[in-house]
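Engineer: The listed protein sequences correspond, in order, to chains F and B. Residues 730 to 1156 (our numbering) are what the first sequence spells out, left to right. Residues 730 to 1156 (our numbering) are what the second sequence spells out, left to right.
For the record, the hints were derived by calculation from the structure and aren't laboratory data. None of the hints are false.
Mimicking DSSO-like on lysine-lysine, the simulated pairs with C-alpha atoms at most 30 Å apart in a straight line are:
1. B/761 to B/1064
2. B/963 to F/1079
3. B/1013 to B/953
4. F/798 to B/739
5. F/1080 to B/827
6. F/1079 to B/761
7. F/1103 to B/822
8. B/972 to B/944
9. B/1135 to F/828
10. B/761 to F/1155
11. B/1103 to F/972
12. F/953 to B/1079
13. F/800 to B/846
14. B/828 to F/1135
15. B/739 to F/827
16. F/1135 to F/1080
17. B/1015 to B/923
18. F/923 to F/843
19. B/739 to B/800
20. B/1106 to F/822
21. F/761 to B/881
22. B/843 to F/822
Simulated coverage check for chain B against chain F, where a stretch passes if three residues somewhere in it have a Cβ under 8 Å from a Cβ of chain F:
23. 743 to 750
24. 978 to 987
One-sided and incomplete, this derived list gives chain F residues near chain B with beta-carbon spacing under 8 Å:
25. 734
26. 746
27. 776
28. 778
29. 800
30. 1094
The model shown is predicted, which means the values in this text are computed figures rather than measured ones. We put the CB at the ideal spot given by N, CA and C, even for glycine.
Protein chains: 2
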Amino acid sequence: MSIAIPQLPKGTRDFYPEAERIQNYIFDTWRKVAESFAYEEYEGPMFEHLELYTGKSGEEIVSQLYNFKDKGDREIALRPEMTPTLARLVIQKARELKKPFKWFSMPRLFRYEKAQKGRLREFFQLNMDIIGTESIYAEADLLASIATMLRKFGLKDSDFAIGVSSRKLLATYLEEIGAPNPALVYPVLDRRLKIGPEAFAKALTEAGLSEAQIKQLDDFMSCKSIEEVRAAVKSENATAALKEIEDLFATLAAAGFSECVNLDLSIVRGLAYYTGIVFEVFDKGKSMRAIAGGGRYDSLTEKLGGDRIPGVGFGMGDVVLADLLRERGLLPSPKQHVDFYIASFTNDMKKIFETAQVFRANGNSVSHPLATMKMGKQLEQANYQGASIVVYVDGDKAAAGQFEYKDLRDGTMHVGDVAAIVEQLKA
Amino acid sequence: MSIAIPQLPKGTRDFYPEAERIQNYIFDTWRKVAESFAYEEYEGPMFEHLELYTGKSGEEIVSQLYNFKDKGDREIALRPEMTPTLARLVIQKARELKKPFKWFSMPRLFRYEKAQKGRLREFFQLNMDIIGTESIYAEADLLASIATMLRKFGLKDSDFAIGVSSRKLLATYLEEIGAPNPALVYPVLDRRLKIGPEAFAKALTEAGLSEAQIKQLDDFMSCKSIEEVRAAVKSENATAALKEIEDLFATLAAAGFSECVNLDLSIVRGLAYYTGIVFEVFDKGKSMRAIAGGGRYDSLTEKLGGDRIPGVGFGMGDVVLADLLRERGLLPSPKQHVDFYIASFTNDMKKIFETAQVFRANGNSVSHPLATMKMGKQLEQANYQGASIVVYVDGDKAAAGQFEYKDLRDGTMHVGDVAAIVEQLKA
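Given only the sequences and the hints, what does the whole structure look like? Please build it.
Structural biologist: Take a look at the structure:
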């Protein structure tokens, strides 16, 4: 051929049926668990006006966006995250929406980044958010959802860790030790474990902290228990922030999640808009990127031009999650399955179509030949498609209203009516 | 507020939970029926290299695309239809894929067009395709799927009409009457009913047809039955094309679809790549745009640079379908529903979270207060969220392992254990 077919765009994925079945398994599980926690699904457009993103994250976000001018000269960007759209929806109907409410979405997102293990340019991300309450039980609800979801995927509590920290606690501690300019400090704290102690100290020195302050901060972020933190902090505000974490942990323990949730003050989260609890979920051993991450953002709607409406939420991407489940052998079989395959010795296509329709009435999946072919080929197709039962429309042992049928799962032959065959399927 | 929040981009939609429940009802029904016909789901990236679309439809398509250069200087376009992606997937694995196969997808699509009733810039479209067979029973399978789907949505056979025509038949007839340059003629035939008889005759004259040829063609396209067509055509090729339609109709009649499928030679379909049967689905009375449309495209993969692999398929958009179902009162309630609401007189949040988790174990949806509030407020929230049963974690009439609970559907109060309460839900 002289023309070459264009390739799949870099950093995106094709989902042939086997891959799509895995995707649907992930989406179904996300949706089922989110709905079991009474979250309501919402969606938005695939692109937004560029200002929605620069308004939340500043101009530097543009380098990571798929942005362009549309034919009406509007500055448009494919959504890189769902939270700005969520904030827009909330602001637009701030008065009508009965608060608090719990929403989830499973958006496709787009980021123009270097594609690598666990990170693609186009991916899916479960988002769950609770809007309209400052109560710490909103955090408890979200963390319980995450743990329930990961269990539902077959992971054990010892397979993952939900690390919890608090921006509020960190802020009060920075205040306590007299650290200047916290806005400059957070991005450094966020990179603490990645860059190592020396670079960490250097960056904090540049941010204006003294050697003593750096030492205090490093010790503080290494605290592994609420008791250790309690011993380190003095102010009333810090004590209040700590009390919040205690309530959160006690509630989660009562609901059976103490094994997979732990205090981890090394978690900061890069984004500027977090105002309270922040959390990240990793596989135990942190061999992969984060499975999920989120936190409280009580001033986001205000920042975007609306009233102040508190919120808390998280995102869980499909790529790292699927990698982890694949590594643990927890993904389901990607093979096709159909309930019935309608076959005919005489290639009676009318009878085939008529009978297929009868078996579909029960909501079952039904396949059949689409052209005349020998019985051997029909059975081969039935097997290939993973059919449970082959129904012969013109088997000579069948009487009126009855069919010969073969259960491919155990190889047995039977004769019976539609009801009997549907019953056999359930066996 | 001094900053104004950016608006929803023109021609796109927000899906608040009530709207999203309707969308999910449509998607679920599409998926269920497609799977009952043993179609396998696939997906692709949301954008492709621009050449994939210009290669199929020519440069004129660009004016209707959301296209742009990405940060790697690639010419990219948001997908305006799914067929080019499908063709790419098929070509890429032409040898591995066991043919014939039946695939479906429910892509989001983007077209930069004037937004109006039934037509948006961003929409969803069910696509079902059968690849790898020239058999007319592939068409039968697709049309049976469409009719079954519209019935599943609650429409009666008298509510819609699937009009069927054949490009092959039309081509043989054009040959028979000696019409020159069929490629110029098809677009005119496609607009016949829209532009009226005079403009139709004028356009065909410009395409080189004589008055007699125009009369013959107009008569031919007005044929309402196979018998009328048989009387009009002479050539062997035309007879063969007609035989195909006869087989198709006889098969669909045997499967119970004779009332909603009819011959309609006025259907041509604008796209150049159709090679055989073409069809369109309208509400009876044609008060709206087409609900669905499709046809056979046996040379598409070849045109895109692959081997010749026959195919046939259709698209069904969400916008017109939802308008029609709404007009007929066939959309489900968009209200929230949860199975259980866990309430507490003493605001015992630990007990609430613990109990909620117990009721979720059965796959049920469970809500509860997220902050301390009076029982009146809790019941108000339970009602607002459409809860079936309120479970009181600390009602004083309950014994160990038992709960007081209220069935909000009939207002009755009970006491029982978890199993009894789950049983009550099913009542």
